[in-house]
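Chemist: For reference, the chains in residue letters:
Protein chains: 2
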Amino acid sequence: MVRILTKENVTQLLTMPDALEYVEEAYKQLSLGNALVPQRIAITDPAPGLTLIMPGIIGGEMNALATKIVSVYKQNPDRYNMPTVLAKVMVQDINTGDIVGIMDGSLITAMRTGAATGVSVKYLARKNSTTMGIYSAGVQARKQVSAVFWGLNEKLEKCKVYDLKKEVADGFKKELENELGIEIEIVNSGDDLLTDTDIIVAATTSTTPLFSGDKVSEGTHISSIGAHAPEARELDSVIIKRASLLTAGLKEACLAEAGDYIIPINEGVIRENDIISIGGIINGNISGRTSDSEITIFKSVGISAQDVAVGKLVYDRALKDGIGQDIDF
Amino acid sequence: MVRILTKENVTQLLTMPDALEYVEEAYKQLSLGNALVPQRIAITDPAPGLTLIMPGIIGGEMNALATKIVSVYKQNPDRYNMPTVLAKVMVQDINTGDIVGIMDGSLITAMRTGAATGVSVKYLARKNSTTMGIYSAGVQARKQVSAVFWGLNEKLEKCKVYDLKKEVADGFKKELENELGIEIEIVNSGDDLLTDTDIIVAATTSTTPLFSGDKVSEGTHISSIGAHAPEARELDSVIIKRASLLTAGLKEACLAEAGDYIIPINEGVIRENDIISIGGIINGNISGRTSDSEITIFKSVGISAQDVAVGKLVYDRALKDGIGQDIDF
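Sequence lines, in order, name chains A and B. Take any residue in the first sequence, count from 1 to its spot, add 914: that is its number in our numbering. Take any residue in the second sequence, count from 1 to its spot, add 914: that is its number in our numbering.
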């Protein structure tokens, strides 16, 4: 029996606090060597777009085994009136191997990407943080703010946002003021995000640094979830050098894909050993922030363990709440 | 919209002649460099079984993009009264990346494995072949005989079968005499298969050679679809040395996984360059059998392109015949 969950079902079932908890557990199990994230498979030519096949397994109490198939076809909106990014998650029973749940993966992708930032905020931001700034007002960015809100235990009071598209920023403000009850300020330059903000989030499609690292205030926590190619980055080498903690969702994944770390390593500004997986901090094996003046950085390129964890969460909730449709095939 | 196809739907839609045609086309496109078979991902620990993630893409007129997720859990029958092997195939629209079909993959696996042998028989067996012998009477073996029957254009008259389990051999005889209208002879030793047979198929779980290569008659075509680990093989080095044509479903896959070729290469009996992908013969770039006295060998370890092709075939037929259930998610 396969539980089929539509986008509406997933929306109904998935909350950010739950996503945070599951992604935190995924990072923890990864760090304990109790989870496996194989190198994802990328398929392009002769297709006109990219498909990523992302399987993973997480042991411990989660016992989750799943695969996300996500496609990125840039011509979809113009040519077919369809989204660029399409995704589905197949959840297997870890005890039998049987595929027991198949669900829309678009919200899962946005929520697990948000949750990564949320977990980093929980462990690395100053405890008295109440303000943030975010580069981009897009769909991903909105989930980032929600994740920071929950990562701070609902103590987020204000978010500044910078986006070149005014109508997108307006939609962001309206949606999040309504959803989270916080103040949203639309600013006119990227640098305006750097003052009076405890947390900075970069969630853009930019391939070059968004700001000068020397303008960032002491004590800031920064999360970058945009750029994910060795030659692309949202953060410059200055801020990487100033930070006292350089963390990653998964160190190996960032060393393979994140220009934010790869470029300063190649420049000799930092060494590979300066990067740590956040799971080590969650486990308590590595100490996190030790003072209110430190700058901390979290970089995530997205790994299957996040999808596996959140896919399992949605599946479990669906069974518990009786949501979705069972098909025997 | 996703077309969901149950095992019964797939059984209704999938015939061996069609599977042969599609697998042949897959081999052809692979050989033309117009298809991609990424290294499959294997996931085990901390699960109690193995999951293989097998995506692939085939261009040309087929335009197929799909992923098979297949699990092999040996404890399933005893512990959960479920099959050891479970599989599903996710078919994507190559133009949009959207997953448009999800189907049971167990019959597809058996049929595409059979079809590989059928294609080899079409191109490599003597044109006047009418008899075969097969090691194993199991589920896979039955599809192998069906594939040889269709690969020979229905000219197969007789099949000898050897299996240690008498009741399995009896079931094999009953099923195939009924299905194909050919004579089935159950023999008492493996060597009995080697006389008066034009084609020999090895479809066992054995990890050591099934017969002495010096006992094989001139002119025989052999297909081995069992052993698929570097240290395991169904064929000995003698028969590999005697054969004038050593073919593979995909040379690279066999050089990575097929002890039947890897062991004699390591022994210095043959060289890597002696192995050819059958697609080259299908394309006409490499000549096949040139005399009735040659021994020809085909080895297949199973590659995603076979599943992708047959998955696409089933999906296309389902749309055409209005079979299955559409779900919007």
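Since the hints were made in silico from the structure, they are not lab data. A couple of the hints might just be wrong.
Repeated chains share a single entry, so a pair holds when one copy, or any two copies, can fit it.
[As the list claims (entries may be wrong)] In the EDC-like style, the derived pairs of lysine to aspartate or glutamate whose C-alpha atoms are separated by at most 20 Å in a straight line are:
{"no.": "1", "residue 1": "K921", "residue 2": "D1240"}
{"no.": "2", "residue 1": "K988", "residue 2": "D1012"}
{"no.": "3", "residue 1": "K1041", "residue 2": "E1166"}
{"no.": "4", "residue 1": "K988", "residue 2": "D1007"}
{"no.": "5", "residue 1": "K1074", "residue 2": "E1093"}
Chemist: Run every hint past the structure and note whether it holds.
Modeler: How the hints compare with the structure:
{"no.": "1", "hint": "K921 <-> D1240", "in the structure": "both (15 Å within a copy, 15 Å between copies)"}
{"no.": "2", "hint": "K988 <-> D1012", "in the structure": "between (33 Å within a copy, 13 Å between copies)"}
{"no.": "3", "hint": "K1041 <-> E1166", "in the structure": "neither (28 Å within a copy, 55 Å between copies)"}
{"no.": "4", "hint": "K988 <-> D1007", "in the structure": "between (34 Å within a copy, 14 Å between copies)"}
{"no.": "5", "hint": "K1074 <-> E1093", "in the structure": "within (16 Å within a copy, 71 Å between copies)"}
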